[in-house]
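Below are the chains, spelled out letter by letter.
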Amino acid sequence: MSVLLWLHDTAFGTLVRESTWAEPVIETIHVLTLTAFLGLVILLDLRLLDLALKKTRVAMVFKQLKPWIFAAFGVMLVTGLSLFAGDPVLFYGTLFFKLKMLMLLAAALNVVAFNCTLGRTLPQWDQLSATPRGAKLTGLLSLILWIAVVACGRGIAYVLPPP
Amino acid sequence: MNTLASWTLAFCRWCNGSFFGHGIRDSAWLFPFVEVFHLLALALLGGILILINLSLLGVRFGNASTRELARELKPWMIGSILVMLLSGFLLFSTEAVKMYGNWAFQLKMLFLLLALLFTLTIYRQVIHAPRAAAGLRALTALISLLLWLGVGLGGRAIGYVTTAATALTAP
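Chains as they are written, first to last, in the working numbering: chain A, 1 to 163; chain B, 1001 to 1171.
Simulated from the structure, these hints should not be mistaken for laboratory data. There may be inaccurate statements among the hints.
[Unchecked claim] Derived DEER-like restraints, expressed as beta-carbon distance ranges:
(1) A:H8 x B:R1071: 47 to 57 Å
(2) A:G119 x B:A1028: 34 to 44 Å
(3) B:S1065 x A:V3: 47 to 57 Å
(4) B:L1110 x A:L160: 25 to 35 Å
(5) B:P1032 x A:K63: 47 to 57 Å
(6) A:L105 x B:N1002: 25 to 35 Å
(7) A:G134 x B:T1008: 44 to 54 Å
(8) B:F1033 x A:L51: 37 to 47 Å
(9) A:H8 x B:H1128: 49 to 59 Å
(10) A:V3 x B:L1116: 39 to 49 Å
(11) A:G93 x B:L1082: 53 to 63 Å
(12) B:N1002 x A:D9: 29 to 39 Å
(13) B:L1082 x A:L5: 45 to 55 Å
These numbers come from a predicted model, not from an experiment. Even for Gly, the Cβ is constructed at its ideal location relative to N, Cα and C.
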């Protein structure tokens, strides 16, 4: 709690909270970067599910999308944290915010789990005509978790309408 | 008021009073529910456009040419545009008359019309032309990105314009 109060009172938090333009500008960047981040993640998940880009090997799709996804995620994280800094106590007090963080954590664990298991044997199953069931499960889980993140994000906006 | 404007306003009134306009407006959760679909569809469309435009700009996607990449993504691109248009129309119908006078919304619709027309005509031609000049491909990608960015920025602005207008008219 004291961390939240400290963040609330930092010069940056105050700027986001009190400036007319900071919040709309940061939120616009956050939402527009969603098209890059989430859009490419969805395509990756669809590839794992064998529903899109089937002619390109999974390893190649990963290689092509990874730098963009990481860069876009960096922007999402920085803008997201900035919005949070504007009123950390208020955000933290909403159920949707906690749920969103939980879903983000679950999505990250999903990636780690994949990298520790099927990701290691990727060169072997990438030659097959269909992705293994585990890869499809990873893609499906990822889709569900990211949809939940978006839904919770919208939920936050409803509970805390912009000033 | 000219004929087109009065027809448009009449259409907005009809949307406002339609069963879906009413239903979504009166429900506590239907609006955000539809909005999530709108966001997911625009995210997917954005991802697809980034890949195709990068390919037009010379960043190859694996071994696929721009044409092959676009062909593979076509069903998802059409699907995401349709979901985006349908969900967008439903969101619009809940406050259609208010949107009629919202300059950000008008700007967004203008950009959307231009973006769709561009995509269906020049964009499609350039993607499928096997030997289009690099400069033309780059220009096409740039115009596409700018038009869709206009749609996105217009969409973001709608909420703020509404807020400002409400604040002005509040007692």
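Tell me if the beta carbons of V3 (chain A) and L1116 (chain B) are separated by a distance inside 39 to 49 Å.
holds (47 Å)
S1065 (chain B) versus V3 (chain A) beta-carbon gap, inside 47 to 57 Å or not
Between S1065 (chain B) and V3 (chain A), where Cβ atoms are some 51 Å apart, the hint holds.
Starting from the range 53 to 63 Å, see whether the pair G93 (chain A) and L1082 (chain B) falls in it by beta-carbon distance.
For L1082 (chain B) against G93 (chain A), whose Cβ atoms are near 38 Å apart, the range 53 to 63 Å is violated.
Could you tell me whether the CB distance from P1032 (chain B) to K63 (chain A) stays inside 47 to 57 Å?
violated (36 Å)
C-beta pair L1082 (chain B), L5 (chain A): status relative to the range 45 to 55 Å that was hinted:
Distance hint for L1082 (chain B), L5 (chain A) holds at roughly 47 Å.
Whether the CB-CB distance between F1033 (chain B) and L51 (chain A) falls inside 37 to 47 Å
violated (24 Å)
Cβ separation of N1002 (chain B) and D9 (chain A), checked against the hinted range 29 to 39 Å:
violated (55 Å)
Consistency of beta-carbon spacing, N1002 (chain B) to L105 (chain A), with hint 25 to 35 Å
Violated, at about 56 Å.
Could you see if the CB distance from H8 (chain A) to R1071 (chain B) stays within 47 to 57 Å?
holds (51 Å)
Quick check: does the Cβ-Cβ distance between L1110 (chain B) and L160 (chain A) fall within 25 to 35 Å?
Holds, at about 31 Å.
Range hint 44 to 54 Å (beta carbons of G134 (chain A) and T1008 (chain B)) holds or violated:
holds (53 Å)
C-beta pair H8 (chain A), H1128 (chain B): status relative to the range 49 to 59 Å that was hinted:
holds (54 Å)
Hint check: violations occur at hints 5, 6, 8, 11, 12; the rest are consistent with the structure.
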